[in-house]
Structure formats: structure tokens, C-alpha cells
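Enquirer: Take a look at the letters that make up each chain.
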Amino acid sequence: MRVLSVHRSAIAAASLALVFSAASGCGGGNDARRHTLSIVFVESWGQDVNSHFMKLATDWGRQNNTDVQVDVIPIRELDLKATAWLQAPRGDLALLPQNLAMVNTDKLRDLSAAVTKLEGSFGGFYNIGEQMARLDGTWYNIPYYAWPHVWFYRKDLVDAAGASLPSTLAEAADLAKRLTDRKSDVYGLGIGLGQDEDFSMFLQTIIWAFGGKVVQADGKTVALNSPEVLAAVNYIMDLYRAGAIPPGALGWDGATNNNLFLGKKIAITANALSIDYVAKRRDPTLYQAIAHSAYPAGPAGRFAFVQTFGWVIKKNSQEAETAERFLSFLYDDARLKELFRIGEGAIAPLQKSAGADRMWSEGRYADAINSVEVARPLGWPGPFTRAAAEVFNRRLVNGIFAKVINDKEDPAAAIAAVTEEIRRVYSQ
Amino acid sequence: MTTTTAAREHQRDRRRSLLLFLLAPGAAFVVAVGFLLALAVWEIWVEPSAHRTSTLSATLRDPDFWWTLERTALFAALVVPLKWALALPLARIIRTAPEKLRWAFILPWVIPPGVATLAWFWLFYDVGGGANLVLAKFGVESRAWLGTPRSAFFICAALNVWREVPLWATAMAPSISGFGGPLEHMAKLDGLSQRERRRLLVRPRLAPLFWALCLLSLIWSIGEFETVWLLTRGGPGNATEFLSVYAFRHAFLSQILGRGAAAYLVALPFVAVSIVAVLTMYSSAVERART
Amino acid sequence: MTLRRLLPIALVLLVQVAPLLWLANTAIRPERGILIADSLRLDEPVTLDNFKGLSTTSFYSWLVTSLTLATFASATATVTGHLFAFGCLISRKPLWRSVRSLALAAYLIPAMFLVFPVQLLYQMSGIRIAAIALVIVHQLFLFPVSVWLASSYLDRIPVGYVSLGIIDNLTPAEYWSLLYWPFAREALKVTFAVTFVLSYQEYIYSFVLTSSSSFITIPVGMASLQAGDVYQWALIGAGGVVTTIVSAVIVATLSRTLEKGIERSVTANG
Chain A
1 MRVLSVHRSA IAAASLALVF SAASGCGGGN DARRHTLSIV FVESWGQDVN SHFMKLATDW
61 GRQNNTDVQV DVIPIRELDL KATAWLQAPR GDLALLPQNL AMVNTDKLRD LSAAVTKLEG
121 SFGGFYNIGE QMARLDGTWY NIPYYAWPHV WFYRKDLVDA AGASLPSTLA EAADLAKRLT
181 DRKSDVYGLG IGLGQDEDFS MFLQTIIWAF GGKVVQADGK TVALNSPEVL AAVNYIMDLY
241 RAGAIPPGAL GWDGATNNNL FLGKKIAITA NALSIDYVAK RRDPTLYQAI AHSAYPAGPA
301 GRFAFVQTFG WVIKKNSQEA ETAERFLSFL YDDARLKELF RIGEGAIAPL QKSAGADRMW
361 SEGRYADAIN SVEVARPLGW PGPFTRAAAE VFNRRLVNGI FAKVINDKED PAAAIAAVTE
421 EIRRVYSQ
Chain B
1 MTTTTAAREH QRDRRRSLLL FLLAPGAAFV VAVGFLLALA VWEIWVEPSA HRTSTLSATL
61 RDPDFWWTLE RTALFAALVV PLKWALALPL ARIIRTAPEK LRWAFILPWV IPPGVATLAW
121 FWLFYDVGGG ANLVLAKFGV ESRAWLGTPR SAFFICAALN VWREVPLWAT AMAPSISGFG
181 GPLEHMAKLD GLSQRERRRL LVRPRLAPLF WALCLLSLIW SIGEFETVWL LTRGGPGNAT
241 EFLSVYAFRH AFLSQILGRG AAAYLVALPF VAVSIVAVLT MYSSAVERAR T
Chain C
1 MTLRRLLPIA LVLLVQVAPL LWLANTAIRP ERGILIADSL RLDEPVTLDN FKGLSTTSFY
61 SWLVTSLTLA TFASATATVT GHLFAFGCLI SRKPLWRSVR SLALAAYLIP AMFLVFPVQL
121 LYQMSGIRIA AIALVIVHQL FLFPVSVWLA SSYLDRIPVG YVSLGIIDNL TPAEYWSLLY
181 WPFAREALKV TFAVTFVLSY QEYIYSFVLT SSSSFITIPV GMASLQAGDV YQWALIGAGG
241 VVTTIVSAVI VATLSRTLEK GIERSVTANG
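Chains as they are written, first to last, in the numbering used here: chain A, 1 to 428; chain B, 1 to 291; chain C, 1 to 270.
Among the clues, some could well be false.
To be verified - Simulated pairs of lysine to aspartate or glutamate, EDC-like, Cα-Cα distance not exceeding 20 Å: (1) K100/B / E263/C; (2) K137/B / E263/C; (3) K183/A / E99/B; (4) K403/A / D64/B; (5) K137/B / D38/C; (6) K93/C / D155/C; (7) K408/A / E99/B; (8) K280/A / D43/C; (9) K93/C / E70/B; (10) K155/A / D181/A; (11) K403/A / E70/B; (12) K137/B / D43/C; (13) K188/B / D185/A; (14) K403/A / D62/B; (15) K155/A / D185/A; (16) K189/C / E99/B; (17) K183/A / D38/C; (18) K55/A / D333/A; (19) K137/B / D333/A.
In short, the hints are calculated from the structure, not lab data. These numbers come from a predicted model, not from an experiment.
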């Protein structure tokens with residue numbers, strides 16, 4: 001009897017141990033199979049964000065019996081690597097620009113159910129994130145963060161000119177001309193006029209601010225050729241011809257305005273908070289002299305467009321459930337807020353509760369989150385569509401300035417020509 | 001079977017095995033390239049999804065493509081004669097240079113193009129670049145070197161020439177030797193003028209070399225990507241958007257990889273005609289040099 | 001050496017290095033957080049701090065990666081190209097001459113055309129080791145060059161020798177020692193040198209195919225020294241100078257061989 005009771009105890013203990021080990025795993029799956037999850041992450045210029053994310057992913061993988069392989073895409077190779085990942089037959093989870101991801105939704109998993117599960121934990125998404133995550137009512141990406149876009153000013157030059165920060169585009173143009181000092185080789189407004197992403201965001205915002213649009217509210221009728229868009233183009237060309245914008249701006253890339261602002265060659269620019277990040281570390285004196293504002297208002301009001309990023313899962317991924325579990329981990333409210341605090345404004349949340357964090361209530365961060373709050377999706381006032389994304393990705397609207405400056409075309413004719421190009425995209 | 005026959009069979013098998021071993025890499029290479037070409041054609045014809053028109057017709061109907069082709073042809077037509085004009089005197093200088101110094105002449109070609117391009121980019125940066133600072137020293141107003149279409153185009157061409165002229169000159173240097181030797185001496189004895197000596201001795205010897213270098217330069221110019229991409233990204237506007245940049249941009253920004261391959265496919269007839277023309281000139285130059 | 005001979009040499013060398021001088025000047029001046037130069041800075045003190053700063057980036061691993069990749073890729077191309085060229089020679093069948101011509105013609109296909117199917121194939125293959133993929137992909141442009149150079153030397157082997165070799169029933173080892181080696185000794189050096197340089201410089205395949213941050217080559221890595229959305233000119237300058245010095249060492253070491261290779265590659269088989 002005693003032997004039997006010992007055996008029974010042993011069996012009970014073993015069973016308990018088995019049940020306990022099966023239940024443990026910090027929210028991991030029930031199966032003991034080792035998973036492999038490949039993740040593509042976009043490099044942030046807030047370098048601490050990159051290392052923090054790597055740590056998050058590695059720790060989660062360790063706790064969840066998963067080999068996590070993270071590939072970090074350098075910012076300069078974003079288009080190339082994002083496209084390569086989307087076109088490839090393999091891959092699990094990626095953080096991609098929403099405008100790039102949504103051109104290839106046939107390769108992406110429907111994430112509607114995942115979004116429904118997650119949304120409750122952070123009070124929903126800002127409008128731009130939500131609009132650019134869905135096509136025909138289906139969620140194809142889960143909005144994660146945005147690169148906020150604000151105006152930067154050399155406060156010392158503004159004060160020396162006896163001026164104040166502008167609240168309208170007209171005031172901004174006037175200030176830019178006043179701050180231009182060719183003798184000191186300082187230009188008033190430093191914004192590229194070519195294919196760079198800063199100008200793409202700037203131009204989209206200016207067009208809306210003047211009451212213009214690329215496409216009508218029906219999302220199909222191209223409406224670029226309008227007096228409002230002409231006014232927006234003329235606003236920028238007026239600054240260029242007045243010498244407030246450097247003559248080589250047509251050839252700039254996304255880093256040139258950063259370099260010139262940090263090198264004290266331009267007094268005003270529009271950019272993400274990467275300028276602050278570098279100035280704080282390399283030139284503290286300049287950092288103290290930087291002022292910010294949201295985009296000044298145009299005749300039609302105040303608008304913004306920001307580059308947004310969302311998580312996508314490949315349709316044929318063998319680890320879709322693993323990926324969704326990882327996303328549940330990432331989208332924990334506290335975890336999100338911690339990530340954005342570490343980012344120091346390099347990235348701004350697309351989740352409302354994270355955006356309500358105290359960090360975003362003051363100074364440069366308030367302007368940054370404001371740009372996300374008021375941002376409109378591509379295709380506005382119509383719905384966000386694949387065609388709207390393609391037009392933006394190919395920088396077709398930017399091409400107006402190449403025609404005006406390089407080819408000496410009349411702005412109205414340049415707008416008409418670009419309108420035809422955009423019509424071809426929408427007609428496909 | 002007799003011993004001799006068996007031995008002969010064994011020798012034949014051994015030779016066959018040896019040949020198989022030796023020829024396998026080449027066969028595998030040709031099959032691999034053929035497969036890649038077939039895959040490229042598949043990407044062009046099959047890959048686009050239902051809501052897009054075919055990549056080939058999109059390329060054919062794109063006016064920017066034809067401007068790009070013209071621009072690429074202009075670029076090739078500019079850089080090749082420039083290289084020729086500069087390579088010959090450089091080749092003479094290389095011939096006279098001390099042997100220990102000769103390596104320095106091909107350095108621009110050996111430095112990775114990406115690194116060389118960054119050097120040119122920083123030199124011609126429109127605000128604070130070296131070129132403008134030198135101008136400022138002489139009281140001259142700075143220029144938007146890479147922001148003005150014409151200067152950006154010529155800087156791309158200058159970079160291409162700067163990199164490849166040393167290669168041309170190094171290739172030509174041995175061929176221009178001997179012009180001061182016995183043949184030249186006999187030509188002088190025969191009373192030939194310098195122009196006649198150049199026409200009868202120098203040109204026939206250099207002509208095959210010239211056309212061979214032309215062919216290489218043509219291929220490299222058409223495929224020129226990294227220097228242009230890093231220097232101007234095809235800008236300002238599309239002033240330096242050559243075929244490779246056009247293909248790359250359309251493939252990765254339109255996210256239709258087939259668009260990139262389609263650009264080359266449409267350009268193929270024009271490129272093929274140019275290559276055949278150069279090869280024909282090369283063959284006849286070789287014939288003339290032999291006779 | 002007279003001044004008359006020295007002056008043009010000096011002028012030419014100056015023109016050749018001139019575009020690099022501004023980068024070199026930036027590399028040896030204090031970085032002081034400046035991202036734009038406002039003067040030629042010739043009166044500033046010379047410093048080597050920027051070169052030390054390179055060790056905070058992955059520059060030196062990019063350099064090792066480039067040199068290692070170039071070594072393996074060029075060794076592979078040299079061996080396979082020579083094997084094939086020799087095989088075409090002793091086979092004497094017109095079919096293999098045609099295959100050789102096709103292999104050479106592959107060099108005419110621009111890399112930007114092949115990069116699209118290569119990229120697709122790379123993704124489909126599931127090869128995670130970028131190094132292996134790149135060594136294989138580099139053969140697309142190195143193999144034809146290797147075959148071309150090998151043929152330019154091996155085609156000098158008299159046809160009669162090959163016939164005698166068949167009659168005498170040479171063993172593979174004898175083919176190697178009696179037919180191949182006497183003509184190919186120099187060819188191997190030349191082929192390796194030329195293919196090494198071409199592989200070392202290669203950009204587009206490395207740019208498109210490498211997704212792992214642990215396998216980046218110098219040309220790709222240097223372009224990524226733009227961090228925080230700014231160009232770090234001091235670091236880029238230092239990296240440029242180191243790369244130029246390494247290139248100079250390569251070319252000085254291989255100079256005679258490279259010259260022969262370059263000359264052969266444009267005059268051979270004509």
C-alpha cells in the first residue's frame with residue numbers, strides 16, 4: 001500500500017509538473033514547436049529606437065520559444081528594400097511605409113481581426129494611420145508610428161529680424177524673404193524641390209492648404225489642374241525666384257536640408273525631428289536656438305501630411321499567428337509609450353492613447369504630435385486608394401517643379417502635363 | 001574485347017570525364033544566364049497583377065522613357081570621344097613614366113565607384129562644397145553644380161571619364177610603344193611626314209583597340225548606375241536619369257519589378273544595333289591591322 | 001628624370017587625385033559637429049580623430065567583407081573560367097566554341113537588367129547567407145572576363161599540341177602540366193587581378209541583395225554613412241581616404257599584372 005501511495009504521489013507530482021510546464025511561457029503558444037519569425041524593421045534616426053526594438057524582439061523570442069531574425073532597413077534604401085520584401089515569396093512580418101505597403105495588398109494578410117483585438121488597448125488610431133491601413137474596408141497593415149513633420153526656425157535670426165513665428169503661409173513667405181542674406185550665404189527657406197521625401201510631404205500639405213487636391217472626393221477624378229494648385233505652385237516658385245530657396249534645391253535629397261540647417265546655411269525648413277536629434281548631440285548652441293511650429297495655415301486652413309508606418313504580415317507566411325502574437329506584445333500601451341519616449345520625437349505614435357502621453361504635451365513634441373493629429377491620408381478628400389499611393393510613391397506631383405525650373409515651362413502647362421501622367425495611373 | 005580496345009575505351013572515358021569536368025562550369029553559366037533572362041521576361045509578361053496594364057505597354061507609352069533613352073545615348077556619345085581624346089596623350093605619358101609610378105595612373109579606376117562618387121558629391125555640394133569654396137576664394141559667386149540640369153549632366157559625364165580614361169590609357173600604352181623604334185625610323189628614312197606616319201603606322205594599330213574600348217565603354221555607360229544614383233539620383237528633375245536609373249526607379253517605386261526589366265527590353269534593339277555597329281568596326285579594324 | 005618629363009606626369013596625377021582632395025581635407029580636420037564647410041579650412045590643425053571615429057561605425061568590417069568577397073569571388077571565377085577555356089581548347093568541338101561565345105556575350109547584358117530576376121531568385125531560394133549568394137552572383141560578370149582572359153593566353157597553345165596530346169593519351173595530370181600550366185601561369189595571375197578589382201568595386205548586386213547588416217561591402221556601406229538623416233562628412237572623408245589607400249595598395253601590388261590584364265582584355269582574341 002505504502003509503495004502504491006508513493007507511486008501515486010509520484011505520478012501526481014509528475015502530472016502537475018507536466019501541466020505547469022505546458023502552461024508556462026509568458027503568453028506563448030501552447031505548442032512546444034520552436035518557431036522562426038523573420039521581421040523587417042525600418043531604421044530610425046533615433047538610434048536608441050533601433051536598439052530598443054532589437055532588445056524587445058529578442059527578449060520576446062526567448063520567452064516564446066521563437067527564433068526572431070530582425071533585418072533593419074536603412075532609411076536611404078527604404079524604397080528598394082520594402083519593394084524587395086513585398087515582391088519576395090518568403091517573409092513573415094515587416095514594418096513598412098503604409099504608402100508602399102498598400103500598393104501590393106494582394107500579397108498581404110487580412111489583419112482586420114487582429115486590429116479588432118488590439119485596438120481596445122490604446123483607444124484607436126489617428127485618422128491618417130487608420131485611413132492608410134485599410135482598402136475597401138479591409139485592414140492590411142496595423143499603424144505603428146509616423147515621422148512627424150514640423151517647421152524649424154533659427155530663433156536667433158528670427159529675433160534679430162524683429163519678427164515672430166508665422167501662423168500663416170503668407171507670413172512664412174515674408175519671413176523667409178526677410179531672413180535671406182546672400183552676403184552671409186544664408187537662405188530663408190531650405191526645402192528641396194525634387195524627388196526627396198521632405199518635399200513630397202511639404203508639397204502635399206501646401207496644395208491642401210491652398211484648397212487644392214490631387215483627386216476629387218470620389219477618389220477617381222484627377223483634380224490637380226486647378227487654380228488652387230496653381231496658387232500653391234506659384235507660392236513656392238515665388239520664393240524660389242526671390243532667392244529665398246537655394247538655387248540647387250531641385251537636386252536635393254532628403255538629407256540636404258538637414259545638413260544645411262545644421263550647417264547654418266538655411267533659416268527655415270520643414271523636416272522630421274531628426275534635426276533636433278543631431279543638433280542636441282553635435283551642436284548644443286544651435287539646438288537651443290531652434291524653434292518649431294506646426295505647418296502654417298493656408299487660405300484653406302491648416303493641413304499636414306506625415307510619413308506613416310504600419311506592420312504587415314505576408315499572406316503566405318507560415319508564422320502568421322506567431323507574428324500576431326508578437327504584435328500583441330508590441331502594442332501594449334505601456335510598451336508603446338516607452339518606445340516613443342526613447343525615440344525623442346524621431347517617431348510619433350499613431351495610437352491615440354500613446355499620443356496623449358505627457359511627453360507630447362509641450363514644446364517641439366506638441367508640434368510633432370499635432371502634425372500627426374491633423375494629417376490627412378493620401379487621396380484626401382477622397383478615400384485612400386492604391387492609385388493615390390502610387391502617385392505619391394513615384395513623386396509625380398513633385399515633377400511639376402522639374403518642368404518649371406529645368407524645362408522653363410509655364411506652371412499651368414506643367415501642372416496640366418503632370419495631371420495627364422496622374423490620369424494614366426488612375427486609369428489603370 | 002581485346003586489351004587494346006579496352007584500353008582505348010578507358011582512354012576515351014577518361015578524356016570524356018576530363019572534358020566534362022572542364023566544360024561543366026561554362027555550361028552551367030550559360031544555362032543560369034538563360035534562366036535569368038527567361039525569369040526577367042516572365043516578370044515583364046506574367047507578373048503584373050490584374051489591375052495594371054502590361055509593363056511593356058506602360059513603358060512604350062511612357063514619354064519619359066524615350067527622353068531617357070535619348071539622354072542615355074547623348075551621354076554615351078559624349079563620354080566615348082572624350083575618353084579617346086584624353087586617353088592617347090595620357091597613354092604617352094604613362095609610357096614615359098617611371099615603372100614604379102605607373103600604378104598611380106589607374107587608381108581612379110580601382111577606387112570603388114561609390115567612394116569616388118561621394119568624393120565628387122562633396123566637392124560639388126552646392127552649399128559648402130569644395131568647388132564653391134574655391135570660387136568664393138576668388139570672389140566668384142557659388143553655383144548650384146548638382147542642382148542645375150546642364151552642370152549635373154556634365155559632372156556625371158566628367159566623373160565617368162575621370163574613372164575610365166586611366167583604364168583606356170593603360171590599355172593603349174603598350175600599343176603605342178615601338179612607334180619610336182625601328183618602324184618609325186624606317187618611316188622617317190622613307191621621308192614620311194608626321195601626319196603620314198600617324199595615318200599609316202599609328203592609326204591602324206590603335207583602331208582595333210579603340211573599337212574594343214568603345215564597346216566596353218558603351219556597355220558600361222548604358223549600365224551606369226551607382227555613380228549617377230549616388231551623385232544625383234537621376235536629378236535635378238530627370239536631367240541625369242539614364243536608362244539604369246529609370247529602370248531602377250520604376251521597378252522599386254512603382255513596385256513592379258517587371259517595369260525595370262521592360263525598360264531594358266524595349267531599349268534592347270537600339271543597344272543591339274549600337275553594339276553590332278561597334279563590333280563590325282572592330283572586326284574590320286582588326287582585318288586592316290593584319291594586312 | 002628631367003623636368004620636361006616630370007611636369008606632365010605630375011599634372012596628370014594631380015588631376016587624377018584632385019576630386020579626392022576635398023574629401024581628404026575634410027578627413028584630417030577636426031569634425032566639430034560641422035556638417036557643412038564654410039571655408040577651405042586649410043589653416044585648421046590636422047587631426048586623425050576622424051579615422052579613430054571610423055571604428056565607431058562598421059567601416060572596418062565593410063572593408064574586410066569587401067576584400068574577402070572579392071578574394072573568393074575572383075578565385076572562383078579564375079578557376080572556373082580557366083577550366084572552361086581550357087576545356088573549349090582541348091575539346092575542339094565547334095559547339096563548345098559557341099557556348100564560349102555565349103558566355104562572353106553575357107558580359108554585354110547590363111547588371112541592372114539582371115538584378116531584377118537575380119533579386120527574385122535570391123528571395124525564392126531562401127539562402128540566408130548573403131556571402132554565398134554574392135560570390136555566386138558575382139560570377140555573372142566575372143566569369144565572362146575570366147574566360148576572355150584565359151582564352152587570350154590559352155589560344156596561343158598550338159593546335160598541334162592538342163592533337164598530339166590526344167594521340168599520346170595524356171592523363172589529366174599531364175594535360176595540366178604539359179599543356180595548360182606553361183601557358184597559363186601568367187594568365188592565372190592576370191585573371192585573378194582583374195576579377196579581384198571588378199568584384200571589389202561592385203555595387204548594384206550588393207546594394208540590392210544584402211539585407212543583413214552583417215554583410216555589407218565598402219561601396220554600399222560608405223553610402224550609408226549618412227546617419228540621423230545627415231551626411232557625416234568627416235567620417236565619410238576618413239572612410240574615403242582609407243578606401244583609397246587600400247585601393248592604392250591593391251593597385252601598386254598588382255600593377256604589372258593589372259596592366260597586362262587590361263591590355264589583354266581589349267586586344268585579345270582579335
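Enquirer: Evaluate each hint against the coordinates.
Expert: Against the structure, the hints come out as follows:
At roughly 18 Å between alpha-carbon atoms, K100/B and E263/C fall within 20 Å of each other, so this suggested pair holds. Between K137/B and E263/C, the direct Cα distance comes to roughly 43 Å. Violation of the 20 Å bound is thereby established for this hinted pair. This hinted pair does not check out: K183/A and E99/B have alpha carbons roughly 50 Å apart, beyond 20 Å. Straight-line distance between C-alpha atoms of K403/A and D64/B comes to about 12 Å, which keeps the hinted pair within the 20 Å bound.
Between the alpha carbons of K137/B and D38/C the distance comes to roughly 11 Å, so the proposed pair stays at or under 20 Å and holds. For the given pair, K93/C sits about 14 Å from D155/C by alpha-carbon distance, which is consistent with the 20 Å threshold. A hinted pair counts as satisfied when its Cα atoms are at most 20 Å apart, and K408/A with E99/B does not qualify at roughly 53 Å. In summary, the hint linking K280/A to D43/C is not supported, as the alpha carbons are separated by about 28 Å, beyond the 20 Å threshold.
A threshold of 20 Å between alpha carbons decides the hint, and for K93/C with E70/B the separation of about 43 Å lies outside it, so the pair is violated. Of the pairs offered as hints, the one joining K155/A and D181/A holds, with about 15 Å between alpha carbons and a cut-off of 20 Å not exceeded. In summary, the hint linking K403/A to E70/B is supported, as the alpha carbons are separated by about 17 Å, within the 20 Å threshold. With a C-alpha separation of about 14 Å, the suggested pair K137/B and D43/C falls inside the 20 Å cut-off, and the hint holds.
Between the alpha carbons of K188/B and D185/A the distance comes to roughly 62 Å, so the proposed pair goes past 20 Å and is violated. For the suggested pair K403/A and D62/B, the alpha carbons sit about 16 Å apart, so the restraint of at most 20 Å is met. Simply put, K155/A and D185/A have alpha-carbon atoms about 17 Å apart, close enough for the 20 Å limit, and the pair holds. Restraint check for K189/C and E99/B: the C-alpha separation of about 19 Å stays at or below 20 Å, so the hint holds.
Between the alpha carbons of K183/A and D38/C the distance comes to roughly 13 Å, so the proposed pair stays at or under 20 Å and holds. For the suggested pair K55/A and D333/A, the alpha carbons sit about 17 Å apart, so the restraint of at most 20 Å is met. For the hint linking K137/B to D333/A, the alpha-carbon distance of about 57 Å lies beyond 20 Å, and the restraint is violated.
When each numbered hint is compared with the structure, violations occur for hints 2, 3, 7, 8, 9, 13 and 19.
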